[in-house]
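Read off the chains here:
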Amino acid sequence: MTHAQENTSSTIASDWPTLLKDNRRTGGREDAAARAPKKVRWQARLGSSIRSAPVLGNGLLYVTTVGGTVFAIEGNTGRTRWKFQIKDQIHSTPSFWKNLLLFGSDSGAVYAVDADLGVKVWEASANGEVWTSPVTAAGVVYFGSADARLYAVEAETGRQKWAQEFGGRIYSTAFAATDAIYFGCGDGNVYCVEATSGKAMWHTSTGNGIDSSPALAGDTLLIGSEDFFFYALDSKNGAVKWKYETGLGIASSPVVAGQLVVIGSKDGYLYALEIPTGRLVWKAHVGGVVTAPPVIADDVVCIQSWGTLAFEISTGKEAWRAGVGGAVQSAPVLTKDAMYLASLDGDVYALE
Amino acid sequence: MTGVQSVGVPAGNIIVYDRYAYEIDIGSYQALVPANVKVMGVQDAFTGTAGYDMAIYCDANFFGEWETRSYMASVVARGVTKIINVPTMKDHSAAGVTGCLKNLGYGTFNNVARSHRAPYSFTDPLIGVMCSVEPLRSKAVLHIMDGMRQVWHGGPLTQVQDFIHPAGMLYVGTDPVAMDTLELEAIEKKRRDEGAPSVWEHDPASITSNDHEFFHDPKKNLFYRRPGHIASAGKLGLGVADRAQIDHRRIT
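Taken in order, these protein sequences are the chains called A and B.
Residue numbers for the first sequence follow our numbering, beginning at 1 and rising by one.
Residue numbers for the second sequence follow our numbering, beginning at 1 and rising by one.
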């Protein structure tokens with residue numbers, strides 16, 4: 001199988017309900033297999049820091065940079081297919097809706113760009129920076145902003161459907177379920193709002209601000225808080241089912257594998273907890289501060305904290321670790337025969 | 001933040017800055033500060049001078065490095081009128097302690113890691129020299145040191161909880177030298193209580209190049225620490241380093 005054939009199995013999705021598409025943070029891949037990389041396929045120097053996670057679709061790796069450039073890079077070769085430049089910085093991890101690449105910017109503008117051509121299709125706007133990743137459900141794009149508002153816009157046109165104001169800045173990427181949108185807020189609350197109006201259905205307070213993005217497993221909403229706790233909430237009413245205390249604040253976003261949820265903490269550990277009970281199954285030392293979301297592929301969970309580490313999901317035993325020249329702190333793209341990384345220094349690597 | 005707003009400063013006039021953008025991310029400041037407060041890292045990555053003012057610099061050659069200048073952050077040089085310095089209280093393997101002075105100097109100027117190359121450190125006098133450069137010197141008007149969790153070994157980067165003491169203290173003052181003198185005294189006391197050598201120790205047997213050994217053994221260090229940078233800053237007129245002359249009041 002060629003690289004090009006392999007990469008076509010990555011999904012350009014119609015629904016993209018959460019950060020990196022799903023509870024496993026796969027970015028839409030269906031063929032991931034995380035093995036210890038042996039060599040570099042290519043390295044691309046983009047010239048600006050990268051503070052978001054790359055996503056892969058139809059053989060192209062899409063990377064947003066702080067310098068305001070979006071790159072579409074061929075996964076096989078590292079050659080840039082197209083670039084899209086805006087005036088402002090970009091910290092938002094991109095997402096897909098059909099053939100549109102969606103991302104926010106520090107000016108508050110949210111862009112939809114044709115993923116094949118790199119041409120702007122529409123632009124929506126918030127009044128504050130948008131670091132969250134736009135999520136999409138049933139043809140509606142949702143994104144939070146530092147202006148304390150959650151926005152809903154039509155995915156086809158970018159036309160605003162509603163905007164609702166909350167009590168703090170929003171850096172938590174939403175989870176868009178069928179009828180409800182869930183997100184954390186700088187005011188320390190986890191909110192559930194109506195998808196049709198943005199009106200709050202319930203909120204649950206935590207002890208500090210939230211920039212972790214939630215996962216939804218059945219009727220359990222899973223999210224971390226800067227108050228050191230990881231929360232499992234009843235998605236119907238926000239009741240706390242259980243909470244687990246880590247050693248420092250949680251900015252990382254959880255991943256789900258069956259009955260297990262894995263979350264990173266700034267205390268330098270990954271925690272694997274049973275979703276029904278909150279019981280600690282394993283705890284693994286990563287080393288550096290963990291703020292990135294873990295990513296699941298096959299039977300390992302990968303986390304970036306300076307380097308990239310992989311742990312066996314069932315035991316928490318370290319499977320392998322990989323380092324590159326620059327520090328990495330977002331989320332890797334894992335495919336059947338390659339791993340793509342973006343560094344803080346602005347380098348993108350394809351390892352195999 | 002609330003206090004600054006309560007005296008009439010609009011949120012839009014408040015900037016929270018740190019040296020590296022990724023460190024700001026780690027602190028999650030973006031999510032925690034009030035709306036309209038600007039949060040920024042001077043440097044987006046580890047290299048590059050885009051956030052610095054090329055006209056204001058400290059020039060010194062310590063180890064024959066190719067770049068001998070450290071430039072002042074543009075946000076300090078031209079962007080703000082007053083600075084409230086918010087250091088955390090911690091041991092520092094090269095400087096002795098990180099307090100008001102090191103936080104201010106090394107957080108505002110770039111290319112500072114060149115001042116220490118194991119096992120030697122020129123943080124004394126560079127820290128004080130940097131803090132004495134205008135307009136940084138005049139703009140830094142208040143210091144609030146976070147001693148709620150006090151790192152007494154393995155600083156500045158340790159996550160080893162054994163060496164992080166929940167001291168539960170905040171230090172507030174206008175004299176960075178006096179505050180760092182008190183910090184040094186507190187860290188020395190804690191180290192003594194724990195059986196660790198003084199930060200002044202210059203015994204070659206204490207030096208290791210093994211990071212793991214350093215992070216887990218308080219008798220080991222990567223550098224000969226230079227806590228004398230505090231007294232040097234006092235000699236540069238930045239404050240009072242004589243413990244007997246410091247007006248220190250404890251509020252409980």
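Everything labelled a hint here was simulated from the structure, so no lab data went into it.
Beta carbons: idealized from backbone N, C-alpha and C, even for Gly.
Any given hint could be a false lead.
To be verified - Sample of chain A residues at the chain B side, in silico, Cβ under 10 Å:
no.	residue
1	89
2	91
3	168
4	198
5	248
6	251
7	280
As the list claims (entries may be wrong) - Label-pair distances were calculated between CB atoms; the ranges are:
no.	chain 1	residue 1	chain 2	residue 2	range
8	A	201	B	162	19 to 25 Å
9	B	192	A	298	28 to 34 Å
10	A	160	B	172	43 to 49 Å
11	A	237	B	15	50 to 56 Å
12	B	213	A	196	40 to 46 Å
13	B	11	A	203	52 to 58 Å
14	B	113	A	203	54 to 60 Å
15	B	192	A	323	52 to 58 Å
16	B	11	A	161	27 to 33 Å
17	B	189	A	298	47 to 53 Å
18	A	79	B	11	41 to 47 Å
Going through the hints against the structure:
no.	hint	result
1	89	holds (8 Å)
2	91	holds (9 Å)
3	168	holds (7 Å)
4	198	violated (18 Å)
5	248	holds (8 Å)
6	251	holds (5 Å)
7	280	violated (17 Å)
8	201(A) x 162(B): 19 to 25 Å	violated (45 Å)
9	192(B) x 298(A): 28 to 34 Å	violated (52 Å)
10	160(A) x 172(B): 43 to 49 Å	holds (45 Å)
11	237(A) x 15(B): 50 to 56 Å	violated (40 Å)
12	213(B) x 196(A): 40 to 46 Å	violated (60 Å)
13	11(B) x 203(A): 52 to 58 Å	violated (23 Å)
14	113(B) x 203(A): 54 to 60 Å	violated (44 Å)
15	192(B) x 323(A): 52 to 58 Å	violated (38 Å)
16	11(B) x 161(A): 27 to 33 Å	holds (28 Å)
17	189(B) x 298(A): 47 to 53 Å	holds (52 Å)
18	79(A) x 11(B): 41 to 47 Å	holds (45 Å)
When the structure is compared with the earlier hints, violations turn up for hints 4, 7, 8, 9, 11, 12, 13, 14 and 15 and for no others.
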